[in-house]
Amino acid sequence: MRSIKTRYILTALTLAASLATGALAANSIKIGVAGAHSGDLASYGLPTLKAAQLVVKDINEQGGINGVPVELVAEDDACKPEIAANAATKLVSAGVKVVIGHTCSGATKAALPIYRDAKVLLISPSATTPSLTQNGEFPNFYRTIAADDAQARTEVDFTINTLKVQKIAIIHDKGDYGKGLAEFAKSFIEQSGKATVVLFEGVTPGAVDYSAVVQKIKRSGAEAVVFGGYHPEASKIVSQMRQKRMSTLFISDDGVKDDTFIKVAGKDAEGVYATGPADVSQNPIAIEYRRKFKEAEGADPGAFFDNAVAATLALTHALTKAGTVDQEAVGRALRSDKVATPFGAIQFDAKGEPIGIEFSIYQVKNGQYIQVR
Amino acid sequence: MVVTTHAVTVISASQFLGYATLGLEPDQLLQHLARYPSMDYFIELLFSGLTRGSIYALLALGYTMVYGIIGLINFAHGEIYMIGAYTALIVSTVLSIYGLPPLTILVVTALAAALWAAAYGFTVERLAYRPLRNAPRLSPLISAIGMSIFLQNFVLLAQTSDFQPFPSLIPELAFMEPFAAVIGSKDLTILIVAALVMILLTFMIKFTRTGKAMRATSQDRKMALLVGINVDNIISITFLIGSALAAIGGLLIASHVGQINCSIGFIAGIKAFTAAVLGGIGSIPGAVLGSFVLGLTEAFATGYVSSDYEDAFAFALLVLILIFRPAGLLGKAAIDKV
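Which chain is which? The protein sequence lines are D and S, in order. Per numbering that gives the first Met the number 0: the first sequence ends with 372, consecutive numbering throughout. Per numbering that gives the first Met the number 0: the second sequence ends with 337, consecutive numbering throughout.
Derived from the structure by calculation, the hints contain no laboratory data. Where a beta carbon is used, it is the ideal one built from N, C-alpha and C, also for glycine. Keep in mind that a hint or two might mislead.
[Unchecked claim] Calculated Cβ distances over 12 Å to all of chain D for the following chain S residues:
#1 Y66
#2 T201
#3 Q218
#4 S235
#5 I236
#6 I259
#7 A313
#8 F323
#9 L329
[Unchecked claim] Listed next, the in silico SDA-like pairs over lysine to any residue satisfying Cα-Cα at most 25 Å (straight line):
#10 D:K262 with S:T92
#11 D:K262 with S:L102
#12 D:K262 with S:G98
#13 D:K173 with S:L316
#14 S:K211 with S:L102
#15 D:K266 with S:L102
#16 D:K337 with D:E327
#17 D:K29 with D:E60
#18 D:K266 with S:S160
#19 D:K350 with D:E136
#20 D:K217 with S:V181
#21 D:K178 with S:D310
#22 D:K217 with S:L105
#23 D:K178 with S:Q218
#24 D:K178 with S:I266
#25 D:K173 with S:A212
#26 D:K243 with S:N133
#27 D:K266 with S:F314
#28 D:K89 with D:E60
#29 D:K217 with S:F41
#30 D:K243 with S:L105
#31 D:K262 with S:A313
[To be verified] Simulated DEER-style distance windows between Cβ atoms:
#32 D:E294 with S:F265: 45 to 51 Å
#33 S:F174 with D:G301: 55 to 61 Å
#34 D:D278 with S:S95: 31 to 37 Å
Assemble the whole structure, with the sequences as input and the hints as a guide.
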């Protein structure tokens with residue numbers, strides 16, 4: 000019993016000592032990596048830590064940032080808001096001025112006020128809640144992932160500006176994902192003033208027949224249906240529309256951009272539009288870091304790995320450019336300078352959203368999703 | 000003539016309901032009227048509701064027959080329907096490799112699916128319900144839920160959890176083309192098959208020896224035994240017929256929606272069960288009536304109010320009917336003998 004306790008104390012002391020020496024080593028740039036490194040959602044957070052380590056290793060091998068080596072300070076928040084606030088306080092008191100993270104939107108929201116007050120810049124590879132950037136409360140926040148509403152924005156822009164549709168029916172499956180998207184799409188269409196929403200309805204997933212709602216779409220005079228939800232309902236609705244000889248356009252989301260949709264809907268799938276993340280598998284930077292991850296870990300990288308590589312590259316590039324860790328100078332560099340990432344060259348807009356990490360539009364042609372250029 | 004007048008009354012009543020719930024001002028009401036002005040919208044919704052109703056009816060009959068005979072809610076019925084649909088998928092895929100004409104494929108597939116599902120229904124009754132014939136009422140109910148979970152997971156393992164495309168076995172009828180916008184060939188086929196099945200079933204129960212024995216078993220099992228009816232056989236026959244009907248339903252519905260997976264039985268089963276209760280569980284005309292009432296309510300609620308509240312309307316109706324007629328529309332109030 001006693002020996003175990005002693006061992007704990009020794010471990011704690013060693014850890015404290017190593018942290019202390021880390022803090023004392025003046026000649027390094029400290030980058031915090033905060034996120035879920037343990038718990039249920041660790042699989043979302045650990046690839047980010049690994050990505051940051053791989054990128055920083057390369058940078059240090061090339062002499063660091065402006066000759067100063069980079070040091071990573073990892074803090075676990077387990078995706079829990081209360082732990083995230085603690086982690087943020089720890090990082091701030093350790094003198095960290097730039098942080099990659101957090102993993103989850105809820106945790107990010109809890110930690111952001113602490114970082115803002117300490118003038119610490121935060122760049123998240125995975126927090127997608129729109130309000131984090133859009134209410135303008137946190138000028139210190141950036142992200143390398145498209146926000147939840149970006150998909151709806153892409154759908155609506157394409158429908159209104161490219162397809163030039165004026166009457167739109169919005170249908171959703173009443174789920175968090177589908178209804179959320181549908182509501183964003185509705186507000187974007189109304190803001191644009193170029194088109195009207197003639198129908199906004201939810202359908203019950205799994206129902207045996209959607210002909211009543213299809214008749215309602217027809218009666219509403221909609222030229223296009225924007226659907227928020229997954230492929231089983233989408234294929235039923237599309238098939239029933241075609242059975243009723245309606246040629247109404249159908250635009251949907253990445254829940255429908257799935258090969259099962261084409262398999263099930265068959266010839267009725269032809270011409271359907273769906274949004275999905277841009278394909279990065281041909282990008283040389285993405286290929287390089289995925290290979291490095293595989294060499295180190297013996298497995299394919301997990302969720303948000305490419306986004307985390309992009310975040311680390313963008314942040315270190317901005318630090319080099321700014322020549323300081325001052326939040327405003329680094330922020331200016333992030334907004335003004337393009338940097339090569341797995342997603343191609345990206346930079347950030349005034350709100351902190353990435354320009355260059357976007358959703359693309361795909362269309363079913365001859366039984367395949369083809370990107371619409 | 001009578002039908003038309005009746006229909007007009009219904010449309011104005013349901014529209015009135017729509018406006019009352021939406022709380023529209025008079026000028027908005029005019030706009031609303033301009034949007035849904037015509038009789039043909041009503042007719043489109045009517046056919047949509049009838050299609051739904053026939054789909055529910057094909058399943059509800061199985062629930063109500065089993066309940067009528069042994070007083071058991073057969074929760075595995077939705078899974079028998081799903082297995083029927085899978086059998087149809089496999090058989091029709093094999094047959095289409097041999098390049099047989101579509102009508103032959105449809106008929107052979109329907110027969111095979113009905114036989115195979117009937118075999119499943121028979122086996123389920125033998126394994127899960129017959130050993131519990133004299134157990135407390137709750138035991139076979141739990142056994143039925145267990146069977147439902149087992150069959151669903153069995154198909155999940157044997158197939159995949161993914162949705163699979165279901166071939167459109169019902170051919171497109173050329174003479175239906177002008178009406179395609181209102182009612183498709185598939186809807187028409189479902190309506191006709193459902194009607195035929197119901198007529199045949201009623202005829203069988205009314206006039207055949209087996210039908211008489213079924214009615215006798217349903218009225219009093221002990222007395223039926225005493226007059227020499229092989230009750231166990233009658234119960235097996237009930238399961239065979241109910242399961243075969245479910246398989247026909249599975250085939251028709253799956254080719255209507257074009258996709259199946261192992262969980263389609265659940266939602267369809269719940270709705271059909273609701274329809275059976277609505278009409279009075281145990282009563283065969285009740286199950287049919289309940290199915291049409293449910294299907295039409297859902298279609299008109301979607302069409303004139305909002306599909307968001309489709310289920311809310313369906314279940315509110317169920318509650319209302321059960322308040323005023325606790326045994327369902329055509330059910331007989333049973334007095335529990337203690």
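The hints, checked one at a time:
no. : hint                           : verdict
1   : Y66                            : 21 Å, holds
2   : T201                           : 24 Å, holds
3   : Q218                           : 33 Å, holds
4   : S235                           : 29 Å, holds
5   : I236                           : 28 Å, holds
6   : I259                           : 9 Å, violated
7   : A313                           : 10 Å, violated
8   : F323                           : 26 Å, holds
9   : L329                           : 23 Å, holds
10  : D:K262 with S:T92              : 15 Å, holds
11  : D:K262 with S:L102             : 24 Å, holds
12  : D:K262 with S:G98              : 21 Å, holds
13  : D:K173 with S:L316             : 22 Å, holds
14  : S:K211 with S:L102             : 35 Å, violated
15  : D:K266 with S:L102             : 22 Å, holds
16  : D:K337 with D:E327             : 17 Å, holds
17  : D:K29 with D:E60               : 16 Å, holds
18  : D:K266 with S:S160             : 23 Å, holds
19  : D:K350 with D:E136             : 10 Å, holds
20  : D:K217 with S:V181             : 11 Å, holds
21  : D:K178 with S:D310             : 17 Å, holds
22  : D:K217 with S:L105             : 31 Å, violated
23  : D:K178 with S:Q218             : 50 Å, violated
24  : D:K178 with S:I266             : 21 Å, holds
25  : D:K173 with S:A212             : 48 Å, violated
26  : D:K243 with S:N133             : 52 Å, violated
27  : D:K266 with S:F314             : 36 Å, violated
28  : D:K89 with D:E60               : 28 Å, violated
29  : D:K217 with S:F41              : 13 Å, holds
30  : D:K243 with S:L105             : 23 Å, holds
31  : D:K262 with S:A313             : 33 Å, violated
32  : D:E294 with S:F265: 45 to 51 Å : 46 Å, holds
33  : S:F174 with D:G301: 55 to 61 Å : 57 Å, holds
34  : D:D278 with S:S95: 31 to 37 Å  : 35 Å, holds
Comparing the model with each numbered hint stated earlier shows that hints 6, 7, 14, 22, 23, 25, 26, 27, 28 and 31 do not hold.
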